[in-house]
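**Q** Please construct the entire structure, taking both the sequences and the accompanying hints into account.
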Amino acid sequence: MVSRGARICVMRILPFLQLGFAAQVPLYYSSISPASAPQIPQMATDFTLSEGANALSPQDMLTLPRPGVPLPNDIGDLAIVPISTYSFQDRKSHKSLSVIALSDGRTYDIPLPDGGDAFWLDSRTIAHVVTKDDTQSLYTIPISTSPLSSDLSSHVGSFPITTASAFRYSSSAQRLVFSAYVYPDGLVETVREQDTAYENRGNSGLVYDEMFERQWDTWVGPKSKALIGVSLAKVGAKWVLGETYVNVLKGTGLSSPVEPFGETDDYDISKTHAIFTAKDPQLPRAVHTRQNIYLVAHDGKDLRQLTSGVQGATHSPVFSPSGDKVAWLELALDGHESDRAKVVIYDLKENVRFTITEDWDRSPDSIVFSPSSTLIYATTGDHARIKIFGLAVPPTPPSNATITTRPTALTSSGSISGFTPIPGGRATFALSSLTSPNEVYELSGLDATERDLLAGRKADVKATTVTRLTSFSSAGLQGKDLSPGKDFWFKGTAEGQDTHGYVITPPGFERGINGKWPAVLLIHGGPESAWFDQWSTRWNPNVFASQGYVVVAINPTGSTSFGQKFTDGINKNWGGRPIQDLLMGWKYILREYPEIDQNRTVAAGASYGGYAIKRLDPGNPELGFGFKALVCHDGVFDIAFNGYATDELFFFNHEWGGRPWDPAAIEASRKYSPAYTVAKWSTPQLTIHGSKDYRLPESDGIGVFHALQQLGVPSRLLIFPDENHWVLNAGNRYVCSSTRWS
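Residues -22 to -1, 1 to 720, numbered by mature numbering (1 follows the signal peptide of the UniProt record, and there is no 0), are exactly what the sequence shown covers, in order.
Don't read these hints as lab results, they were simulated from the structure. Quick caveat, the model's predicted, so the values are computed rather than measured. Fair warning: there could be bad hints in the mix.
Distance ranges between label pairs, derived from CB positions [what the hints assert, rightly or not]:
hint: 1; residue 1: Glu171; residue 2: Thr380; range: 49 to 55 Å
hint: 2; residue 1: Ser669; residue 2: Ser65; range: 35 to 41 Å
hint: 3; residue 1: Leu184; residue 2: Asn329; range: 52 to 58 Å
Cut-off 30 Å, straight-line C-alpha distance, at most; resulting in silico cross-link-like pairs (DSS-like, lysine-lysine) [what the hints assert, rightly or not]:
hint: 4; residue 1: Lys110; residue 2: Lys70
hint: 5; residue 1: Lys550; residue 2: Lys649
hint: 6; residue 1: Lys565; residue 2: Lys494
hint: 7; residue 1: Lys73; residue 2: Lys279
hint: 8; residue 1: Lys440; residue 2: Lys464
hint: 9; residue 1: Lys440; residue 2: Lys327
hint: 10; residue 1: Lys649; residue 2: Lys469
hint: 11; residue 1: Lys458; residue 2: Lys606
hint: 12; residue 1: Lys550; residue 2: Lys670
hint: 13; residue 1: Lys110; residue 2: Lys201
hint: 14; residue 1: Lys249; residue 2: Lys327
hint: 15; residue 1: Lys201; residue 2: Lys73
hint: 16; residue 1: Lys73; residue 2: Lys458
hint: 17; residue 1: Lys73; residue 2: Lys670
hint: 18; residue 1: Lys279; residue 2: Lys249
hint: 19; residue 1: Lys436; residue 2: Lys458
hint: 20; residue 1: Lys550; residue 2: Lys658
hint: 21; residue 1: Lys550; residue 2: Lys606
hint: 22; residue 1: Lys670; residue 2: Lys70
hint: 23; residue 1: Lys201; residue 2: Lys249
hint: 24; residue 1: Lys543; residue 2: Lys649
hint: 25; residue 1: Lys110; residue 2: Lys670
hint: 26; residue 1: Lys494; residue 2: Lys606
Cβ coordinates follow ideal geometry from the N, Cα and C atoms, glycine included.
**A** Shown next, in the form of structure tokens:
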């Protein structure tokens, strides 16, 4: 959560505070505050950000190019990567498209002043969708390779709506499929007319008769997402967009991609069909996570449900290139959004569904078939890295069954996204780390890997070669003294396994000079998430380290990538084992790094991490962290109330063992709710919250601030009226990074 702003920001509230980027003025009560108000001690004002040549300042981080994932063409000689680069001068994010020659890494940049999605139509034609002046239009951009360049774009046609996104194109079907918002009639042709009527209805009232009235940062309106198909073919030298739009979900009660984050990873298309995941329409969405997998023809006919209907959520549905199989990721438990994801294959010819990773104690994020359809590549968190694993596709069993496979890790470091196999035993992907944003890489030698796995042998990873193709951030990071992070393991509360963390040391750090360096403990959210070897523009450990801090990032009980038992250990135990793990890990670091000045230590966390901050206050006598200041971003304050107010009620119901009035949930939530320990709080705290956070409503942050103020504890509230559970605006992210907390 990092923000930006080029000038002093003044927020006039009672009391008001003033934020400056080089120095801060003290927080104080305004002259009209009642005389009985507690006297808050003034805070130090001598803090300035380090912005030296070797330091990664918040501004440096936020102005680096932000590449997406590579999208290769069908013959595997070119790839495109969307890039966003923020400028403090005009306070805008500038969009571009980088075309990469995979043979040698040459790049050619295409400016996209109006932004918009881009994807391949054929090996030398890029489609570009632009929304401008209340019109959404499709253009083509021809690409040449000698030299690598583009020709002028050509207008193909315009869509009847302006919400088209998540595009997929099938050249064999000559069909473009995308997501768009439609009204209950399911027709894209009537959306504009109904939009006008809705906007001019004469009131702003929203009426609900069932739950899920709002989600993430948006009040649910009369429209929902649908999958829309239209013909798109090259006739001679010209691309022609059809006029007949088919909503394949019309009349089904289904909506896909699944909001709020579903994109192209929620569906796939073949020559004849689409496969997609959608919430079960028979269940209340606020208290269930069940998503079924459906298959439907491009004309909207022959809708089939492929899942059992008794599972939990499903993700990442994909077709095999051969078209005779589909696969997806499936969670067993309805209501448990962090259950282990298993790889399920459905043989469309044999009408058989089977699971191939029942005994694999890892949870993939996404999957894709190899070009031969005989292998599945799974992008998977493993020991705080996000790796690629290869799994052989076994012969289809005679009936629905479970088959054991032996996944093999093909990569070992960093965090991979957008893994896409291409011809010639190769694949492209983006890789980031603690020291670098996304760069494009190619993995070659996969044909040998495939032969090994299909023969039941352990793949020889040494037979593959990883090649870096781009250097998007090299200039911006030149001279920066960044730490790759050092893994450490300690004995925590888990039985039979140690607990993991990273320590990131600041520029100039030396062993042997004791008591010199301040330190910060970063606590991740989720809570079922993890600190990975991965770049972030919200909580970036190297930004903290560049300000002279020894940064400690621990993956306590509840974290992912260390096995499902370790993840599930946080259930009904938020304030127990995870907090003890943090304490044990912190004490371990203080012993191992006597260079840390224990009088200058701070803890910072968001979401679950913000909840944990309230448990770490030294005023809680059962703990002894000894922090001198705390930072809480969008953290839970009153656990029981969150069970009523949050948008996705299934999360509370699972985490706490029932609805907030059920006896088991009452007992667990009262035991660990920060609202019952307020009287013990004594540590200065910066509280940050977004007003559009419907996951943890802003009253959680305001309530904490009010409590601290009435206790007389030095405290500061930073509210973003336009932000949700994350701080996304670049200027706001800069404020988060540069605001002094004590």
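**Q** Hint numbers the structure violates, sorted upward?
**A** When the structure is compared with the hints, numbers 2, 3, 7, 9, 19 turn out to be violated.
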